[in-house]
Amino acid sequence: MLKDITIGQYIARDSIIHALDARIKIIITTILIIALFTIDTFSGFGFFSAFILVVVLLSKISIKKVLKGLKPILILVLFTLFIHIFLTKGGQVLWSWKFISIESEGVYTGFFMVSRIFILILFTSLLTLTTSPLQLTDGIEYILSPLKRFGVPASELSMMMTIALRFIPTLLEEADKIMKAQQARGADFESGNLIQRAKSLIPLLVPLFISAFRRADDLALAMESRCYRGGEGRTRLHELEFRYYDFIALIIIVILAVAVSFY
Amino acid sequence: MSLIEINGVDFLYQNDNSDRPALQNINLQIEAGDFAVIIGSNGSGKSTLAKLLNVLLTPSKGEIFVSGLNTNNRDNTWKIRQKVGMVFQNPDNQLVASMVEDDVAFGPENLGVPSSEIRKRVDKALEMVGMAGFQKFAPHKLSGGQKQRVAIAGVIAMEPECIVLDEPTAMLDPQGRKEVMETVEYLNREKGITVVHITHFMEEAVDADQVIVMNQGKILHKGSPKSIFRLVEQLKDVNLDIPVAVEVAEYLRREKIEIPDILSIDELVDALC
Ligand SMILES: Nc1ncnc2c1ncn2[C@@H]1O[C@H](COP(=O)(O)OP(=O)(O)OP(=O)(O)O)[C@@H](O)[C@H]1O
Ligand SMILES: [Mg+2]
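Residue numbers (my numbering), protein chains in the order written: chain A, 43 to 305; chain B, -7 to 265.
It is worth saying that the hints were derived from the structure and are not from the lab. We treat Cβ as the ideally placed atom computed from N, Cα and C, and that holds for glycine. Careful, some of the hints might be misleading.
As the list claims (entries may be wrong) - Computed footprint of chain A on chain B; a stretch qualifies when at least three of its residues, placed anywhere within it, have a C-beta under 8 Å from a C-beta of chain A:
no., segment
1, 66 to 74
2, 89 to 96
3, 127 to 140
4, 146 to 158
Make the full structure from the sequences, and use the hints.
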């Protein structure tokens, strides 16, 4: 069950989107997210959706896979939608019953927010779907590296992210296993009120944490025995390098973002 | 001088409350190109010894030399770690990256090898462990035996002279165990890499050049597999399982039946029929 979480898991393909430099992709995503927050019309969202569709087609990843990544946030999205529909007031009254009423303003904002969340998640998951975790962390390291002068441990941070990404599937698998083991002994994770459910997670989390710490110990030893001594003097299998089409992509995005924001 | 020389080494864990050091007066030589197997029951100090070989620990007393470099000298640490690679028991806890090739590249990257050279080393190392074509796989999609072979490739890519494997087969199914043992034997025989293999499966010791039996922090015996397997009673005393064929041969011998030194079922069958 837990294993099905696929938000932003890298899918290797041979496409121009994959081939773009990770740093450029991070910058582009940032620009697009900023642009997303400046627009306030549905036609703007429509434009962004079309843009996402084009990128997905170019990336050769199936649309189904991309949409599957949205599943885990569905609850959050529905929650947002309901909150707005029932609580945001203003405009025409569309429907009312006793003290509950739905007004047009609420419906509008609800769908507006939901579109924004979907597009936001799609942007970020497109980044992680098409960029290998290592390139991603290398990219972040590069972008953060000017801050090294102020004592920000950029290489170590990126190493931490690499390891975190590496261990997410392993830990999820393990959580799944522990859950099944506890269920086999009669543990119940699914019924009861919120507090009871939270309590029932303790026998899942404790063993998970203990094992994570043991793994961390082992991993530290393994890294040390493979000569890891911090970021200094490290080389890379895949050195990041800018190519001309990285800049072309960046320029296209900047123009698009500006156009959409001022449209 | 041997590739690895251990002279009068003691080791006591700082946080250990017991008075008995984890290792006591260890003297051992391992020649370049050898396949050495260390066996011993739980807590006998095998892992501690392994960690001393690659400077994850340094002796409390005595000295260890790896191709002439003293492990007590801090300046030698990184040189020795490059020469002596370590493979650990749990295949999940020693892979660093989310993609096989990035993981194999981790060691050479730390050594500062240029990127085109890393590419060559990674591909060669994966080929040597029979994992060519798995470059882009995620570690969690591999079987235990495959993960362990990737870990071995990660060490090979650093071009070490010696690999120390600390119970690499303990968590694997029989198929995975076979894959790993075949890989290690191939690397030793064909590529001339010295192997120190720690195990509690006695069968894995039959092809060794040298078998070292450890008990309670001391070396109990060392010698050829045949000479070690002769010591059926002593090995049983320290809770080690002897391969059935070896045990049967020993009992037959006791009944005054002429049996040459044998190590496997096949040899026993040949001797009897
Ligand atoms: N980090 C540590 N701190 C304190 N004592 C330790 C530590 N690691 C091991 N020991 C102790 O040192 C002794 C030798 O342990 P070691 O792990 O080397 O044995 P081993 O032969 O590898 O056993 P196993 O077959 O269980 O892996 C044991 O008595 C153990 O309790
Ligand atoms: Mg051990």
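Evaluation of the provided hints:
no., hint, in the structure
1, 66 to 74, "holds (count 3)"
2, 89 to 96, "holds (count 5)"
3, 127 to 140, "holds (count 4)"
4, 146 to 158, "holds (count 3)"
When each numbered hint is compared with the structure, no violation occurs for any of them.
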